[in-house]
Amino acid sequence: MSILAYGVAAWLLLVGLWGIVNSRNLVHQVICVSVVQASTYVLLVAVGYRSGAVAPVFSGVRVGTIAVDPVVQALCLTDVVVGTTVTALLLALVVQWHKRTGSLDPDQVDDLDEQG
Amino acid sequence: MTPRTRRLLFLASAPVLGIVVVAGLVGLPRFGHSTAQYGRVLNAVSVPERHITDVVTAVNFDYRGVDTMGEEFIFFAAVAGVVLLLGTQADESPGHVEDAATGRWVPPTSDAVRVLGLALVGPTVLFAIYVIAHGHLTPGGGFQGGVVLATAVLLVYLAGEYQHLHGLYPDRAIEGLEAGGAAAYVALGIAGLALSGSFLANWAPLGKLGHLNSAGIVPILNVVVGAEIAAGFVLLLSAFLHQTLILRRHVRPPAPVDPHRRQP
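Here the protein sequences line up with chains A and B, keeping their order.
Residue numbers for the first sequence follow the numbering used here, so the first one is 18 and each next one is one higher.
Residue numbers for the second sequence follow the numbering used here, so the first one is 14 and each next one is one higher.
What follows is a set of in silico ranges between Cβ atoms, one per label pair, in the way DEER data are often shown:
(1) A/A70 x B/E62: 16 to 26 Å
(2) B/R19 x A/T82: 46 to 56 Å
(3) B/A192 x A/G24: 38 to 48 Å
(4) A/T82 x B/A186: 38 to 48 Å
(5) A/T82 x B/G173: 43 to 53 Å
(6) B/A186 x A/R117: 26 to 36 Å
(7) A/S51 x B/A186: 27 to 37 Å
(8) A/V25 x B/L24: 15 to 25 Å
(9) B/A186 x A/V103: 26 to 36 Å
(10) A/V99 x B/V29: 19 to 29 Å
Some chain A residues close to chain B (C-beta under 8 Å, calculated; not the full set):
(11) A27
(12) L30
(13) A63
(14) G65
(15) R67
(16) V74
(17) F75
(18) S76
(19) V80
(20) V85
(21) V88
(22) T95
(23) V98
(24) D124
Hint data in this document are derived by calculation from the structure and do not stem from the laboratory.
Even for Gly, the Cβ is constructed at its ideal location relative to N, Cα and C.
Please take these sequences and the hints and turn them into a complete structure.
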């Protein structure tokens, strides 16, 4: 199970990076950044998991019942919020870039000074 | 940089990253055998100490409430950045940029979308209030509920035409709500400093476990965060939708089309 859980995180990191490197479209590239970030969600939740444990919510569950680690889940929430804001900022930059150059090709984003 | 050089550079550096990642993953506890002590302690103490049944919320809004304040300001700064980036720039006026695919046929909003969109607004607002209000009892809270609340506004935009609605949009009030939510979080923290001697201390009465008005200041923090996140997402949505308006304003409306003929 260890290999499967942590392997998914490593795989998401790998495909996300590969997508960023090979992207032909800036919107696609921004989505690839989100995929890389998704690997951190999987890793955080996997690190806190305990076999047979319940969610760390004690409504209707007796206190003392073995529950998974709430700290990493709280971190995951922060991660999601930051991920959303990063995506929004990057997409805003892409919109402006497309308006200025009419292109979404990452290969043409070389000389910001010349074209901007 | 050509795609080829980029790929070669990646293939050359990926093994180094791979070694570091694998070395890190191997050092982690086996899946299902988390050994984290803080989590165990928090699971044990948050119900008796703070009357919060959702321990994740207890971490975010009580034990590590300061971190959430930082997170809130990350969001605040990012929304400000997007609004600045997507505002009408100095060298452009609305309608300056033309749609790249001119003469494209933009279908009008269908009656089905209008009816369903408006019908969903009420339940969405209710669900958002439920998620925000129960953050300390069951999974949810200000961040999650705030996003749901912003979705209700998106449904209104979807059901109506954005170009007709953007004039009604109370942008000053929305900006005020976002800034007010962020400020209220800090104010509640300072109140803790004044009343209990530490910033963001849980100074309000803890109430009865499992009740809506329990957990001290945590539900209040969830409400102010919910207001900030909802207002922030509405600002984000309208900033992006404003761009479509700039792009489409000067495209001439297409000639009437026979609805039974397929569009090429």
